[in-house]
Every structure is written in structure tokens, then in C-alpha cells.
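Counting along the sequence shown from 1, when you hit position 116 you're at 116 in UniProt numbering, and nothing is skipped either side.
Hints are computed from structural coordinates only; laboratory data are not their basis.
This structure is a prediction, so every number in the text was calculated from the model and none was measured.
Even for Gly, the Cβ is constructed at its ideal location relative to N, Cα and C.
It is possible that some hints are incorrect.
To be verified - Calculated lysine-lysine pairs in the DSSO-like style (CA-CA distance at most 30 Å, straight line):
no., residue 1, residue 2
1, K112, K173
2, K102, K112
3, K94, K112
4, K94, K107
Stated by the list, open to error - Pair ranges (Cβ atoms, derived):
no., residue 1, residue 2, range
5, V37, E159, 39 to 49 Å
6, Y163, C28, 42 to 52 Å
7, E106, S76, 21 to 31 Å
8, V37, K94, 45 to 55 Å
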Amino acid sequence: MNIMRLGSSARVAPSLLKRSEQALIASCENPEQLAQVYESMATWFVGPCGAISVETQRLGMEESLFHRLMREDATSTLQLQYRMNQALADIANKVAYNDRLKCADEKVAQAKLNVKSQFSDSPWLQAVCSTDSENAALFIDMASATLPGGQVMKSLANEDEGYVVLALVEALKECQTVS
1 MNIMRLGSSA RVAPSLLKRS EQALIASCEN PEQLAQVYES MATWFVGPCG
51 AISVETQRLG MEESLFHRLM REDATSTLQL QYRMNQALAD IANKVAYNDR
101 LKCADEKVAQ AKLNVKSQFS DSPWLQAVCS TDSENAALFI DMASATLPGG
151 QVMKSLANED EGYVVLALVE ALKECQTVS
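Produce the entire structure from the sequences given, and follow the hints as far as they go.
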């Protein structure tokens with residue numbers, strides 16, 4: 001059995017843990033088999049004395065994937081990419097890649113939205129949906145969107161950002177964007 005530990009099980013959503021446990025219970029034919037599975041998994045992960053078993057350590061289970069990726073030798077810089085057109089790659093090169101990032105081919109480099117018609121009087125929507133390379137990446141300042149009474153937002157959810165995304169999707173549908 002190959003298992004990769006992504007992080008602390010304390011950070012896994014309780015509902016997901018419950019569903020996993022229910023799936024395990026459903027796969028066992030009787031209580032004895034379930035007890036045997038629990039015992040073998042506990043022994044495999046932790047060992048009979050409560051310490052992480054040698055087999056588990058050998059497979060790297062004492063260290064999370066995130067800790068492994070934090071090591072210098074575990075990363076490499078992206079040099080060839082298939083998702084950004086040249087205008088976006090140029091921005092990434094200025095910000096982080098020191099001109100080492102290249103587009104996979106000319107088709108990727110020249111890719112852009114195919115917009116059949118203009119659609120909105122809203123200047124920000126026209127800019128966001130523009131096919132001009134100078135508008136390849138636009139930043140919309142959501143910090144200036146104030147809450148009633150000058151309240152400070154303390155939630156990770158931002159409804160205003162959701163409205164922006166919805167407006168953008170509707171605008172792209174309206175202007176007959178094609179692939």
C-alpha cells in the first residue's frame with residue numbers, strides 16, 4: 001500500500017475523516033475484519049510501542065510532503081510552460097523568473113481570447129475582456145471596496161470578489177467568447 005501524507009491529520013476536515021472511516025467500515029465484512037484492519041494500520045504507522053515504525057520511517061511517513069518540498073534540493077525553477085501567453089510570461093519573467101521562463105511553442109505564446117463583439121459600457125469590463133497584450137494581466141483593487149459603516153472585513157470570504165468573477169463570466173458569455 002502506498003500512502004503519501006500531505007500534512008497534519010488534525011487539519012483534515014472532520015467530515016472527510018468521518019466519510020473515510022465510514023468507507024473503511026463498509027468495506028469490511030465483519031467486526032473482526034475491521035478490528036484487524038485498524039490494528040494492522042496502527043501497527044504499520046505507529047508500531048506496537050507507540051513510536052513511528054521503522055517501515056513507516058523508511059517510506060518517509062514521519063515527514064509531511066510540505067516539509068519535504070521546503071528543502072532547497074526538492075524544488076526546481078519552471079523554465080518551459082504551456083499555459084500563459086507571451087504577455088503573461090513576460091510579466092512572470094519580470095516578477096520572478098529573470099527571463100528564464102519560455103512558452104512551450106508559438107501557439108501558446110500567441111494565445112488570446114477570441115472575442116466576437118464588444119458588449120459593455122463598463123470600462124473595467126472592457127479592459128478585463130480586452131485582447132490587447134497590454135491588458136494581459138490586470139489587477140482589480142478590491143481593498144477600495146468599503147463595507148457599510150467603514151467596517152473592516154475579517155473573513156477570508158470576499159463577496160465583492162465573487163461579484164467581480166460573476167460579472168466577468170457573464171460579460172464573456174455576452175461577448176460570444178469562443179475557443
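Item to complete: Mind listing which of the numbered hints don't hold for this structure, in increasing order?
Response: none
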